[in-house]
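Engineer: Sequence:
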Amino acid sequence: MYGVRSEVKWPNDLVVNWKKLAGILIETKTSGPELVYAIAGIGLNVNLTAEEMPMGATSIFLARKKRFSLEKTLSSILTVLEGHSKTLSEERAVVADWWEHCAHRDKAVIIETSNGRVRGKSVGVNLDGSIIIIQTNRGSVTIPDGTLRLDA
Numbered sequence: 002m003y004g005v006r007s008e009v010k011w012p013n014d015l016v017v018n019w020k021k022l023a024g025i026l027i028e029t030k031t032s033g034p035e036l037v038y039a040i041a042g043i044g045l046n047v048n049l050t051a052e053e054m055p056m057g058a059t060s061i062f063l064a065r066k067k068r069f070s071l072e073k074t075l076s077s078i079l080t081v082l083e084g085h086s087k088t089l090s091e092e093r094a095v096v097a098d099w100w101e102h103c104a105h106r107d108k109a110v111i112i113e114t115s116n117g118r119v120r121g122k123s124v125g126v127n128l129d130g131s132i133i134i135i136q137t138n139r140g141s142v143t144i145p146d147g148t149l150r151l152d153a
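Count along the sequence shown from 1, add 1, and you get the number used in the numbering used here.
Hints were generated in silico from the structure; no laboratory data involved. Take these hints with a grain of salt, some might be off.
[What the hints assert, rightly or not] Capping the alpha-carbon separation at 25 angstroms, the derived lysine-lysine pairs in DSS-like fashion look like this:
#1 Lys122 x Lys10
#2 Lys10 x Lys108
#3 Lys20 x Lys73
#4 Lys87 x Lys30
#5 Lys122 x Lys20
#6 Lys73 x Lys21
Use the sequences and the hints to build the structure in full.
Structural biologist: Here's what the structure looks like:
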């Protein structure tokens, strides 16, 4: 909405040129197969300067060289989310859209997991969005969690 081209990075980041612009966290409660509730938290770097940013992060201000109203930014985010509320229940559409905007789609990556490092090509995400598929020298493997970075 501010003319900043961002992409998604597995599992829950928005990045601009591989610098973190935003993070999304969703906590859910289920009862059997039923979703009881979902709470979404969004952290977005809006007006932070380079001095205020941690290494590897960016802000809308740094990308556009202009400050923005936090209230209008929040209002815009809520309006967009409301407009997408019906499509958010269509899992295949959500995952397809996520993959279309993925920063590491079909790229060589390294994922640090609790069981070690996995190196391979990022080739997709499963329907639940929480597991990424990596093409490695051992074939395809799924990884439920970890920290992803590009393989240089």
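Engineer: Each hint needs a verdict: does it hold in this structure or not?
Structural biologist: Hints, one by one, checked against the model:
1. Lys122 x Lys10: At roughly 14 angstroms apart (the allowed maximum being 25 angstroms), Lys10 and Lys122 satisfy the hint.
2. Lys10 x Lys108: Measuring from Cα to Cα gives roughly 12 angstroms; hence the hint holds.
3. Lys20 x Lys73: Given that 25 angstroms is the threshold and the Cα spacing comes to 23 angstroms, the pair holds.
4. Lys87 x Lys30: Holds, because 20 angstroms separates the two Cα atoms, which is no more than 25 angstroms.
5. Lys122 x Lys20: Measuring from Cα to Cα gives roughly 20 angstroms; hence the hint holds.
6. Lys73 x Lys21: Judged against 25 angstroms, a Cα distance of about 21 angstroms means the pair holds.
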